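Got chain H sorted already, so can you dock chain R onto it with the hints?
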Amino acid sequence: MKLFPFAVLALAVCGPVAAAEIKMDDQSQLNPKATGKPAFEPPQESDLPDNAYGKLVQEGRAIFVNTQKYAGEYVGNGMNCTNCHLDQGRKADSAPLWGAYPMYPAYRKKNDKVNSYAERVQGCFQFSMNGKPPAADSHVINALSAYSYWLSTGAPTGQELPGRAYPEVPQPKGGYDIAKGREVYAAQCAVCHGDDGQGQKAAEGYVFPPLWGRDSFNWGAGMHRINTAAAFIKENMPLGKGRTLSDEEAWNVAAYMNSHERPQDPRLIDGSIAKTRDKYHANDGVNLYGVEVNGVLLGQGIK
Amino acid sequence: MRTTDRLLAGACALLLAMQAQAADGQKLFTQGGANPAAMACVTCHGANGEGMAAGGFPRLAGLSAGYLNKQLEDFRSGARANPIMQPIAAALGDDEMQALSAFLAAKPAPAAAQANRADAAEGVGARLALRGAWERNIPECVSCHGPGGSGVGDAFPALGGQSAAYLSAQLNAWRQGTRKNDPNDLMGHVARSLTDAEVTAVAEYFASLGQ
Chain H
1 MKLFPFAVLA
11 LAVCGPVAAA
21 EIKMDDQSQL
31 NPKATGKPAF
41 EPPQESDLPD
51 NAYGKLVQEG
61 RAIFVNTQKY
71 AGEYVGNGMN
81 CTNCHLDQGR
91 KADSAPLWGA
101 YPMYPAYRKK
111 NDKVNSYAER
121 VQGCFQFSMN
131 GKPPAADSHV
141 INALSAYSYW
151 LSTGAPTGQE
161 LPGRAYPEVP
171 QPKGGYDIAK
181 GREVYAAQCA
191 VCHGDDGQGQ
201 KAAEGYVFPP
211 LWGRDSFNWG
221 AGMHRINTAA
231 AFIKENMPLG
241 KGRTLSDEEA
251 WNVAAYMNSH
261 ERPQDPRLID
271 GSIAKTRDKY
281 HANDGVNLYG
291 VEVNGVLLGQ
301 GIK
Chain R
1 MRTTDRLLAG
11 ACALLLAMQA
21 QAADGQKLFT
31 QGGANPAAMA
41 CVTCHGANGE
51 GMAAGGFPRL
61 AGLSAGYLNK
71 QLEDFRSGAR
81 ANPIMQPIAA
91 ALGDDEMQAL
101 SAFLAAKPAP
111 AAAQANRADA
121 AEGVGARLAL
131 RGAWERNIPE
141 CVSCHGPGGS
151 GVGDAFPALG
161 GQSAAYLSAQ
171 LNAWRQGTRK
181 NDPNDLMGHV
191 ARSLTDAEVT
201 AVAEYFASLG
211 Q
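If you're matching them up, the sequences are chains H and R in order.
Position one of the first sequence corresponds to residue 1 (this note's numbering), numbered consecutively onward.
Position one of the second sequence corresponds to residue 1 (this note's numbering), numbered consecutively onward.
No wet-lab data here; the hints were simulated from the structure.
Quick caveat: nothing in here was measured; it's all calculated off a predicted structure.
One should not assume that every hint holds.
[What the hints assert, rightly or not] Distance condition first, Cα-Cα at most 27 Å in a straight line; then the derived DSSO-like pairs of lysine-lysine:
id : chain 1 : residue 1 : chain 2 : residue 2
1  : R       : Lys180    : H       : Lys201
2  : H       : Lys241    : R       : Lys180
3  : H       : Lys279    : H       : Lys110
4  : H       : Lys201    : H       : Lys132
5  : H       : Lys241    : R       : Lys70
6  : H       : Lys279    : H       : Lys303
7  : R       : Lys27     : R       : Lys107
8  : H       : Lys275    : H       : Lys303
9  : R       : Lys70     : H       : Lys201
10 : R       : Lys70     : R       : Lys180
11 : H       : Lys201    : R       : Lys107
12 : H       : Lys201    : H       : Lys303
13 : H       : Lys109    : H       : Lys279
14 : H       : Lys69     : H       : Lys110
15 : H       : Lys69     : H       : Lys201
[What the hints assert, rightly or not] Residues from chain H that keep clear of chain R, each with C-beta distances beyond 10 Å, as calculated:
id : residue
16 : Glu45
17 : Lys91
18 : Asp196
19 : Glu248
20 : Leu268
21 : Gly271
22 : Val293
23 : Leu297
Glycine residues also receive a C-beta, built at the ideal position from the N, C-alpha and C atoms.
Excised from the complex, chain H in its bound form (with noise of 0.2 Å):
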C-alpha cells in the first residue's frame, strides 16, 4: 500500500522522459521574401546512377512518396511526406528539398545551435507525421538526406532559393473568415479530403490526406499556422489546379481546416495550453491553438 505513491511519483517523473526528445523545436516558417522567377531545375530520375548511390537515393525517393510503407514505425498520422512537399518534393513554391537541404547546417537564435538537416527532418515527424524521429543515423534519415542531395544536385549552397517556399498570400483586409471557409470545403476540398476532413482511404490506406482529427498533422506541424496553409492551398489545390482560388477564399479554407482538433502539440509544457501558447505558439504566424472558436477552447489534442 505504501508503495503506491511512489509508483504513481515514478510514472510521473519518466512520463516526460519517455516521450521522444524534440529533435528540431519548431518547424518555422521560411522566408517567404526570397523573389524571383524559380530557375532551379532538380535532375531526372533518369539520369539516376544505376549503383550504391542511386539505389539510396531511389530508397529515399520511395520513403518520401509512401512514408506509410517504407517509414511507417515513425509516422503516427495517414501523412506522407509528399502530401506537402508536391512532385515527390521537386515542386517549387511547394517547399521543394532542392530550397531547403543547401540551407543546412544551419544555427538558429531560437534554440541557440546549430541544426543539421537531419534534425530538420526529424522534426517533420515529430510534427507534420505526430510520429517519433527516426535516429540521426538510421536507414530512413540516410536515404532522405541522400535523395535531398541529389535533388541538389548544382544547387548553390547557403542561398534562400526562389522557390524554396509556399509564396506568402496577403492576409485579407478584413482578416479571415470560418464560416465562408466552410462554404469553400464543401464546394472545393470535400470530394477529395472528405465531408468531415478524414481524408478517404484505398486498399492500401490513405489516398486523400485527413485535413484535421487524430490521423492529421499535429498542433506543432508548420502547416498549423492559417498563413502557411493558406499559402500552400493557394499554390497547390484543389490538386492540379493550383492557383485558381482567391487568395480570400486560401485564408478562410485555411482557418476553416485549423479551427478543427488535432493531435496535440508534442511540446506540450506541464499539460498547460496557454503555457504551451505562450512559449511556442503566441509569436509563430497567425494560428488558432490555445483560442477558443465557437465556445470551444483548440489546442486540447485528441487522445
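Chain R alone, transformed into the frame defined by chain H:
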C-alpha cells in the same frame, strides 16, 4: 399464437422483399428493366459486367455504387452525353438505378496490380500515372484514383483493368468538352493538358495493369 403467426408472416414478407430487392439488380442486369427500352446491360457490358473492350463498353463490375448511380443519372439528364446510354437510363426508375448500381458494385473487380508512386515508372503512360507531369500541373493519376487506379470513393472511378479503348475515348471526350460531368472540372482540366500520344499511352498503361 396469433402474434407468432403475424411475426412469421411479417418475417416472410420481409425476406421476400429482400430477395426481390436482391434479385432486382441481377434481373435488371441480365434481362433489362420494367420498361422494355431499358435493355439488359449484359448485352454490351459482358456476362459479369467485365465490359467488352472491342466495342469500347466499359467494365462495370466492382465500380463504386455511388459512381455508377451518378453516371446513370447523368446519362438520363444528359449531363453525360451518350446516344446509347441516354435512352436506356431514361427508361430506368430511380429504384432500378440504385439496385443495379449496388448489384454491380458488389461484383468482384478484376485483380489489378497496385502500382504506386514509389514504383519504377518506365514509359510515357507509367510516368503520367505514377509521377504526373507537374510542369503542366498534371498530378499523378494514382494520387486521386488510388494505387493501380483502383478507384477512390464515389468520385474517382477505378481505371486499372478498364479497356484502353474506353479510357482513351473518355479522356478524348473530356479534352473535347463532350464529357464534363466530373466534379469541379477536376478531370477535364487534366485531360485538356494531355497530348494525343499521352492519352494513348496512359490508357494502355491502366489497361495493362489488369492483365
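Checked hints:
no.	hint	in the structure
1	R:Lys180 - H:Lys201	25 Å, holds
2	H:Lys241 - R:Lys180	16 Å, holds
3	H:Lys279 - H:Lys110	11 Å, holds
4	H:Lys201 - H:Lys132	23 Å, holds
5	H:Lys241 - R:Lys70	23 Å, holds
6	H:Lys279 - H:Lys303	22 Å, holds
7	R:Lys27 - R:Lys107	14 Å, holds
8	H:Lys275 - H:Lys303	20 Å, holds
9	R:Lys70 - H:Lys201	20 Å, holds
10	R:Lys70 - R:Lys180	13 Å, holds
11	H:Lys201 - R:Lys107	20 Å, holds
12	H:Lys201 - H:Lys303	22 Å, holds
13	H:Lys109 - H:Lys279	15 Å, holds
14	H:Lys69 - H:Lys110	34 Å, violated
15	H:Lys69 - H:Lys201	14 Å, holds
16	Glu45	8 Å, violated
17	Lys91	5 Å, violated
18	Asp196	14 Å, holds
19	Glu248	18 Å, holds
20	Leu268	33 Å, holds
21	Gly271	38 Å, holds
22	Val293	28 Å, holds
23	Leu297	33 Å, holds
In terms of the numbered hints stated before, the structure departs from hints 14, 16 and 17, listed from lowest to highest.
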